[in-house]
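Undergrad: Protein chains in written order, with the numbering used here: chain A, 1 to 608; chain B, 609 to 863; chain C, 864 to 1181.
Everything labelled a hint here was simulated from the structure, so no lab data went into it.
It cannot be assumed that every hint is accurate.
To be verified - Calculated cross-link-like contacts (lysine to aspartate or glutamate; reagent style EDC-like; alpha-carbon spacing at most 20 Å): (1) B:K810 - A:D218; (2) B:K810 - A:D220; (3) C:K998 - B:E703; (4) A:K206 - B:E801; (5) C:K938 - C:D1015; (6) A:K138 - B:E816; (7) B:K746 - A:D576; (8) A:K485 - A:D400; (9) A:K206 - B:E816; (10) A:K582 - B:E651; (11) C:K882 - A:E45.
Residue strings, one per chain:
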Amino acid sequence: MTSILELVGRTEMMILGLAVSLFLAFYWLVRGAPIGQSAPAEPSEAPSTGFRDRAAAFAVLGLILVLAGAYVAVAYGIPWSLLPFGVGYALIFRTISKYSSYRHVSPSLRRTVEFAQTSLRFTLLAGLLLIVNIFAFKYGGNPIDFTHDEAFTLSTLSSGRMQKLERTLHMTLVLGRDESARRSRDRVRQLADLYKRENPSKIEIKELAAFNPNQAADLDDIMKRNPDLMMSRGDAVVLEYGEGASAGRSVIPVVDLLQLATPGAPTAEGRLATAFRGEDAITSTVARFIEGKRTIVGFTSGHGEPSLDQVDPREMGLGLWKSRLASLGAVATDLNLVKEGVPAEVSLVVIVWPKAAFSESELEHLKKYLASGKPMIVVTNAQNLGGLQGLLAMHNITFDAGRILDPEWNAARQMDQIVTPPITIPEHPIIAALGKQSFLFPVASPLSVIGSAPLRQGESKPQVNPAIIAAPFLRTSPRSWSETKEGSYQFDAGVDAKGPLVVGMAAMERVEAINGAKPKPRLVVFSSPYMALNTTLRNDPANMDLLMNAVEWLKGKEESLGVAPKVHTAVLFTADPSLRTKLHLVPTIISVVLIVGFGVLLYLARRA
Amino acid sequence: MSVRHLFPLFRRELASYFLGPMAFLVLLAFQGIAWFNFWDLLERLDRNRATVSGLRDPLNFYLSGSVPFWIALMIALPALTMRLISEENRSGTIETLLTVPITEGEVVISKWLAGVVMYIVMLMPFIIYLPFLYVQGKFHFDIGPFISLSIGMLSLGLMFVAIGLFFSSLTRNQIVAAIWTFLTFFLFIFLTEAAYGYALAKQERWAELMQFLSVLNQVHAFAIGQLDLRILSVHFSICALMLFLTIKVVEWRRA
Amino acid sequence: MIEVADLSKQYGTIQAVKKLTFHVDRGEIVGFLGPNGAGKTTTMRMLTTYLTPTSGRASISGHDVLDEALEVRKKVGYLPENVPLYPEMRVREYLSYRAQLKDVPRSKRRSAIDYVLERCGLADFDRRILGQLSKGYRQRVGLAESLIHDPDLLILDEPTAGLDPIQVREVRALIRELGGKHTILLSTHIMTEVEAVCGRVILIAAGRIAIDDRIERIQTENAIVLQARGPENAMKKALESAPKVRRVTTLNDSGGVATFEIQTEDGVDLREELAHRLVHNGWALRQLDLRRSSLEERFVRAVADASVRVDQPESGAA
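So that you can see chain A by itself, here it is in the shape it has in the complex (with noise of 0.2 Å):
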């Protein structure tokens, strides 16, 4: 019994059931009458009956196996399909070309070749559709974009990741019961769609929504398997490579992946832009997952550096920093070098803003450090260099005297809140993927590479660490200049030093260009203590992705920079109410017109 009804429940027996019935359907139509009842009397000059029956029996049966065809073509492959393709257009032409001379005599034969003559028409048609359907779901499975920013266009570098995955990928979108993040929603949502559309087999979305009591039970398993879901009140997208133990997870609050871009740059009336980085933080950790490693990052602490735990916006600490990395996968921590040398685990060492001195032991630690091939980034300025004026000038680099102002290029009208002007040709990888932005770099000092500058009398020429290749990319604009004089907002000639100034440099390893080896990065420096403090990062979220790029570089990993984030400039609505009215009055009044006019006139003119 259970037998027979799992044999009924089978496709290939309701394709046939369905054949069967269609079958039936259409020989009624055809013939006048259904199978055992006796067909129309026909005029006494037409063949008869059974020959009739034949005929419409034979035709159906021609559509059938015509439309049995292109199932088994869909469902088991073109070859299979050409034998019932071919005997069932056989019996749709054998039918017209039979059975039409019997057209004037016959009524239920001239059904019959009508029928055939429909069925080879719509056979064509709905092949020519099935194949326009076919081709447009094989290659148009991506929308076209038409948006001038290109919002839903995810990077090469990307949709190479999402080839790439060997497991599936979990993404969850978690509503928060915080509104904040909600205009962002639509946002990740389209991306979710976006990367979904990469690997559909390999990715699965999900929406789970904290206000949904149906789902509560979801939520639960997706907290405890991810502890950092709890501190996001807001929206959160939940990525999970694999299930299980051995699985990658990462949250990433949607609250920071929407930001406001380059407010300290001076932008046209009526525009504002925001970045929406959405695409970065979930490529690059998904990169993170394949790799399926952390790094780790030490911070040195001791000196009077900030503090990495500090995470409110308004105060001096590098929190921001250190949970950006965080959910980019690295992990940030304290480095006491007092005691011992940098552990082994540490991959890359940041010293941001020493007030004090670094003792010898320390400094020793450090170059044992870089001695194993590792890299450093320095943030700080002239005035704060907690003697690591030798490690620097083992990397060609040095830092020059003074700090740089600016009377254009500045933030919040002071001079020494520098901001970079936009670059139109980056020639560094860090700055590559961030096109046009801006940095604000607050009391920074100028940066300049050993050797490059023209010797003064009495100067010897000094030491140069033939290894080495010191490179800037980033620069200060013309018009700003290193004022050496404390207290003074003047620009001095001969004394001071003109731009545009060196703020931030990267030094790597000289290789010899054999085999491809691409040079090994080793130092970047940026010229501002403040750079990379949360201060600085609420109001300027371009520097986040220049730190950013900058570790990764130091990685070593060139093609996983930064993506690029999303800049949609949105246009700002200035008119005032008094346009406003004029916008909706005008254009309504015009049409009105137009259509009564329009309309009285016909009227008029048609009116007998």
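Assemble the complex: chain A is given as a structure, and chains B and C must be docked to it using the hints.
TA: Frame of chain A; chains B and C shown alone:
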């Protein structure tokens, strides 16, 4: 089928719209809705000046996200397509039409084209505001999504008019044709959306299919600047099948 | 011009037209006469290709209505019953529109419209709106429309229905005039109209042809009505075998008594010859009459007969 017959047929069909009051009433109604929606859009734009995001896709608030627009479309489009063939059936002019040397295909295609043009004219009240907003209001919105929305609404119109034409060919009673057309539009526009919501809440597998079929979702995607060729090809296929069936129905009337 | 053979039309179980066979020569004006519901309109619709025949053939100028519908339509000008028009159009607009559909060349369109307007007495009405025209003028517009492409054959379905007597006279005059140039098949259920206009009449009743003859012949025709007792088939054969007998129609056959109507060639009186034949065979003669029939009489009789003889095969062809 030849083009030389299409033009006089098409012109008569279009002229008959404007020689009656229906087209003007529909246009005025749409102008009213467009006015309200545009006023609402201006208010939103002004309110959003303060917030960061701004309106990413003003057209979604203006047209495709507007419930009055969809309800008006669901009523006005059947009202425009219902008479295309059923009126000829009722008044008997179909007899004069099918005894001159033109084919059923020519009749159906020209009527469909007239319906499509009427549909485009019906959407004009919505378009008329945009140049004013762009030039006078100096609101330089992204033109791309507008173009993709126009293409999408056109392909939707081709399909909807073909459906209306099909139901019009089935009957000699305009009201019957209008009701069937309305029900079909209702299915396409609201029921798919409702089914999608239901399937989404229940985490059903067919949620994705419903999302794809839902006209509201499709138009939403068009309005934010995503032109999905699959949707266009589905619209085109339904349109072609409907026209094929309509021609067959007109032919079968002779039997 | 028109060739019809065994033309039948069936709507579901109702047989509207049963095996009509007739032909019309070029230049004839043929009246299609019959009561309402006799199948006149259905036949005309089949000839204009608006409907397809269920079985049988019909061709116009050699073009089959089923196979070459578009060719047939080019040859035919058709005035449907009740003249359906688009109410919002003007007379000239409508004619111009129809001329375009009927492939009247652009260069000739204007003169063709002027000609039919003149011909149908609409010259001063070309700016009028169709929906506001009176019945008579609608009829004229329909007629003008059917003439616009100068067709070989005009098929007019009840062209005078609903007109006042003066309009009727005008339309009849117009049709007579047109008859010189076109072949005309017109349907009506008014006898006088046929007598006034047509050269030939085809009387159709209950889907069959009851009479098909030249109008003068019908007007002058003598018919012999004969009742006798005996087997119907044998008696009919005997009557038919007599010289100069044109057609024998069985009017009634019940209880071994059959009534026949016999038409003779040129109206010759054959009463004695026929009586002799029956009596010679031993059949009893019960009645013998010479009847001078008006068309109206024939019409009424044929219709009455048709409803009686529904199951019998056709007795003859034209």
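Undergrad: Does each hint hold? Answer for all of them.
TA: Results for each hint:
Proximity of K810 of chain B to D218 of chain A is assessed by CA-CA distance (about 13 Å); at most 20 Å being required, the pair is judged to hold. For the proposed pair K810 of chain B and D220 of chain A, the alpha carbon gap of about 18 Å is at most 20 Å, so the pair holds. Taking the CA atoms of K998 of chain C and E703 of chain B, the gap is about 19 Å. The hint holds against a cut of 20 Å. For the hint linking K206 of chain A to E801 of chain B, the alpha-carbon distance of about 18 Å falls within 20 Å, and the restraint holds.
The suggested pairing of K938 of chain C with D1015 of chain C holds, with an alpha-carbon distance near 5 Å, which does not exceed 20 Å. Annotation: proposed proximity of K138 of chain A to E816 of chain B holds, straight-line Cα distance about 17 Å (limit 20 Å). Pair hint K746 of chain B plus D576 of chain A holds up; C-alpha atoms about 12 Å apart against a cutoff of 20 Å. This hinted pair checks out: K485 of chain A and D400 of chain A have alpha carbons roughly 13 Å apart, not beyond 20 Å.
For the suggested pair K206 of chain A and E816 of chain B, the alpha carbons sit about 12 Å apart, so the restraint of at most 20 Å is met. In summary, the hint linking K582 of chain A to E651 of chain B is supported, as the alpha carbons are separated by about 13 Å, within the 20 Å threshold. Taking the CA atoms of K882 of chain C and E45 of chain A, the gap is near 12 Å; set against the 20 Å cutoff, the hint holds.
Violated hints: none; the structure is consistent with every hint.
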